[in-house]
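Chains as they are written, first to last, in the working numbering: chain A, 1 to 313; chain B, 1 to 561.
If you're looking for bench data, these hints aren't it; they were derived computationally from the structure. Backbone N, C-alpha and C define an ideal beta-carbon position, used for all residues, glycine too. Heads up, some of the hints might be wrong.
Stated by the list, open to error - Label pairs and their computed distance ranges (CB to CB): (1) H178/B x K84/A: 32 to 42 Å; (2) V18/A x Q179/B: 38 to 48 Å; (3) D360/B x L307/A: 30 to 40 Å; (4) A223/B x A11/A: 48 to 58 Å; (5) A223/B x L307/A: 38 to 48 Å; (6) R397/B x A11/A: 33 to 43 Å; (7) L107/A x H178/B: 25 to 35 Å; (8) Q179/B x D76/A: 48 to 58 Å; (9) R179/A x H178/B: 43 to 53 Å; (10) R225/A x H178/B: 15 to 25 Å; (11) F135/A x Q179/B: 35 to 45 Å.
To be verified - Listing some non-contacts, in silico: residues in chain B with all C-beta distances to chain A over 10 Å: (12) F54; (13) P88; (14) L109; (15) R113; (16) A114; (17) A127; (18) H145; (19) L148; (20) S181; (21) R334; (22) R353.
What the hints assert, rightly or not - Short, incomplete list of chain B residues facing chain A, as computed with Cβ under 7 Å: (23) V141; (24) H144; (25) S147.
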Amino acid sequence: MYTFLARRLLATIPVLLVVAVLVFLMLRLTPGDPAAILAGDAANTEQIAQIRTGLGLDRPIIVQFGIWAGNLLSGDLGESFYYKQKVTTLIAHRLEPTVSLAALTILIAVAVSVPLGVLAAWRFGSLFDRMLMGFSVIGFSVPVFVLAYILIWLISLKLGWLPVQGYQRLADGFGPWLRHLLLPSITLSVIYIALIARVTRASVLESLGEDYIRTARAKGLPELRVLVRHALANAAVPIVTVIGIGIALLIGGVVVTESVYAIPGLGRLTVDAVLARDFPTIQGVILFFSFVYVGINLLVDLSYVFLDPRIRY
Amino acid sequence: MHSAAQTGEVTLTPGSEGDVTLTPPGSAVLEVRELTIALPAGGERATAVSKVSFSVHRGEILCLVGESGSGKSVIAQGIMGLLPPALPVTGGAALLEGEDTTRASPERLRQLRAARMSMIFQEPMTALNPVMRCGEQLDEVLVHHTSLSEPERRAKIIATLQEVLLPDPARMFAAYPHQLSGGQRQRIMIAMALVLDPALLIADEPTTALDVTTQAQILKLIADLQARHGTGVLFITHDFGVVAEIAQRVAVLRLGELVELGAKDEVLKRPRHRYTKMLINAVPRLEPHGRAADTDAPVVLETRDLDKTYVDRAWFGKRRNVAAAKRVNLSVRRGQTLGIVGESGSGKSTVARCIVRLIDPSGGEIHLHGEEIARRSHGDLRPLRRRVQIVFQDPYRSLNPRRTVGEAIMEGPLNYGVPRAEALERARRLLALVRMDAGALERYPHQFSGGQRQRICIARALALEPELLIADEAVSALDVSVQAQVLRLLEEIRTEFDLAMLFITHDLRVAAQVCDHVAVMHQGVVVEYGAAEQIFLQPKHEYTRALFAAAPGRDFAFGRA
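Bound-form chain A, shown alone:
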């Protein structure tokens, strides 16, 4: 178990290395000159060249990479071209809104989808089951931004229940924080509700056909206990896997949602950094994302040990 953990942690190093090299090269191969953008429309060639030298962009790519990678090893993601701040500081500042949004989204998604999926499997083929499956197709197909604008129009503008946009820090109170986050979280959660509900239904349906379910019923257990402690507990591995994938995908999803709802999180930072060709920030954010990605996968794999005693590493 501990050797497994150590091996998996060691394995993250090459993954992050590959990501680092790819991101670095891709950025430098894409069109768009950060110096020109920084200098503004009125700048002449000399000024642009000066800025370029100042940023170190005139050096060979190998040297640029060497410097960046060297700093990286000491935990330094470099300094943003655009914000003139340490990238690590930038990420730290933007972390709270994104983590809040992702956590609330997954919380809503799991709380809604798992019971729905179990219920659909229990009443397999019923009207409820078919309606849920129909909803999940819609949930998959509606783009996040469309849903976001519909919900803003309905809930914020027409009904006036929740604020349209913006973010309040958790430090400023739980109430305002939740009010601002609720709408974006619901928007984002729809697709995960669809995804997790489907997987839960399929997985529970499979375990409901197993012999131990018959045993549980033959023992005279209440149906709820049969469903939760016997069927759902045995169906947990695929469900947790898909929740893990969901969390990872969420990080990509917040880019759009944060833009629509004007939340100053990592998603917004990414968009702004890309528009400004802010290489160090883009590199830092993507590297951070991939680190989170690898970490979540590791957590999911570790959770299997607790979900199924037959799995041992």
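Fit chain B to the known structure of chain A by using the hints.
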């Protein structure tokens, strides 16, 4: 928690004799009256069970015997109220201590289950929840049916685990099902079923998935517990050996109808119904067939010190070697059958798979007609593959469901360059040989019964005109009447083609009928090897004797009527 104990209808206090007064000794705990259970429309028959009546008395074991599809499990589930909606009870009643369970509300059924009627199942591995500790699985029965406190429940569970003779009950309490052996798991199931001392225990093929020595222990346990507690037992089985071992009365079921009901000796020794007679006659005798074997026939297969060791390599831990087969020396002559007999994990299938080179042996030699094949590369092996063919246990899973029977039989010959027309002709001939219609060529495996599929598998193996045919538990999954037919067929084929046959089985009765020589395997080692006569009549090794002692119904002379 709402429990049956609080409803006041039955007394559940452990150890009290309160419920005895409700059912005087010898009275019926279960009375099934004209029970009829429908099948979905469009099936091969309209009812799964039609107008079946029988009763189970206090302190009695009634065996419900039948082949697959006879409806015996459906009856059990009907009594327990566990039938799927597709199989509704359409008539009759199942009276448990006077109360009709087929008309009870779901809530009432829930109260009755485990408390007044319990059930144990065939597969103790799959019947237990794999992600829950055994203790918790027992505990939830008590939580939902009694108002005992946590320490009381634990004490009761430990006592029950002791009663089913599980070693170290505290460890069993904390163990997960996969950490236990098959027999231990079935003991947990039995403990779970009997923890509340129900009036009726339904045992649905509880020993079918177990080894013969384990089976003997579990049968004894059920009989002992039943006698001690005065439980009425409805014991469902397909095995007449088990019936002879445990039953007091026997009910024979055929295609959903009860054809015979009577005391054990009466039914087994003087069966009245034609079907019962046929079933009992089909049970192979536990005596060698007594055919003389030609000792000068050429040796087709010989193994010398065959070894197979699996290495369990942990990352930092020590290497662990598991010897699945150790120094196995066997030989089979043309036209003769060598049986390898053993329990699960004895290494008998490992040996077969090494001989066919489906797995690579770790050491020793395998000679096929004097040619050493144990260390040949898979490429060099190809021309030899044709000469050894194997028939597997499960006819449902060993045929590709998406290929027609014709394609399955012809694939081998076509692969070895036989022209299509000739392969087709051969397939037709072989189907006739295994008593199947040539029309089967165009059909798919799912359209056939288990017995028919096994015939197809045999035809497929013969299509390559092998010199050695390996039957790996080839008749174990079949009903006894079908088993008899397939055994007869294998016998005919052996004589007609002068085949050498390696017959792997856990069933001593089957081995007695087909084998000229027998090798008894135990934990990877051949413990006894000799002529069938000698092994069956004068077993020398202790393990062989234990195996014979455990064979159910050994005192009953089957297959003589």
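Consistency of the hints with the structure:
At roughly 60 Å, the beta-carbon separation of H178/B and K84/A lies outside the given 32 to 42 Å, and the hint is violated. The beta-carbon spacing between V18/A and Q179/B, approximately 41 Å, falls within the hinted interval of 38 to 48 Å. Taking the beta carbon of each, D360/B and L307/A are about 36 Å apart, inside 30 to 40 Å as hinted. At about 56 Å, the CB distance of A223/B to A11/A agrees with the hint of 48 to 58 Å.
Look at A223/B against L307/A: about 39 Å separates their beta carbons, and that is inside 38 to 48 Å. The hint said 33 to 43 Å for the Cβ distance between R397/B and A11/A, and at roughly 37 Å that hint holds. At roughly 33 Å, the beta-carbon separation of L107/A and H178/B lies within the given 25 to 35 Å, and the hint holds. Between Q179/B and D76/A, the C-beta spacing of about 50 Å keeps the proposed range 48 to 58 Å intact.
Under the hint 43 to 53 Å, the C-beta atoms of R179/A and H178/B, about 49 Å apart, fit the expected range. At roughly 22 Å, the beta-carbon separation of R225/A and H178/B lies within the given 15 to 25 Å, and the hint holds. Range check, F135/A to Q179/B: Cβ separation about 42 Å, and the 35 to 45 Å hint holds. Remark: the non-interface label on F54/B is consistent with the geometry, its nearest Cβ contact in chain A lying 21 Å away (cut-off 10 Å).
The non-interface label for P88/B is consistent with chain A: the shortest C-beta to C-beta separation is roughly 17 Å, beyond 10 Å. Separation of L109/B from chain A is inadequate, the least Cβ-Cβ distance of about 8 Å not exceeding the 10 Å criterion. Remark: the non-interface label on R113/B conflicts with the geometry, its nearest Cβ contact in chain A lying 3 Å away (cut-off 10 Å). The claim that A114/B is not at the interface with chain A is violated, since a C-beta of that chain comes within 10 Å of its own (minimum 4 Å).
Not every C-beta of chain A lies more than 10 Å from that of A127/B, the closest at about 5 Å, which undercuts listing it as non-interface. A cut-off of 10 Å between C-beta atoms contradicts the statement that H145/B is not in contact with chain A; the least separation is 6 Å. Look at L148/B: its CB is around 15 Å from the nearest CB on chain A, clear of 10 Å, so calling it non-interface holds up. Chain A leaves S181/B outside its interface by the beta-carbon criterion, the shortest separation being 15 Å against a cut-off of 10 Å.
At the 10 Å boundary, the C-beta of R334/B stays outside the reach of chain A, the nearest C-beta of that chain being 45 Å off. Distance to chain A confirms R353/B as a non-interface residue, since its nearest Cβ pair spans about 25 Å, more than 10 Å. Below 7 Å, beta-carbon pairs count as interface contacts, and V141/B has one with chain A at about 5 Å; its hint therefore holds. The restraint placing H144/B at the interface with chain A holds, with a minimum CB-CB distance near 6 Å, inside the 7 Å limit.
Because the beta carbon of S147/B sits about 15 Å from the nearest beta carbon in chain A, more than 7 Å, this interface hint is broken.
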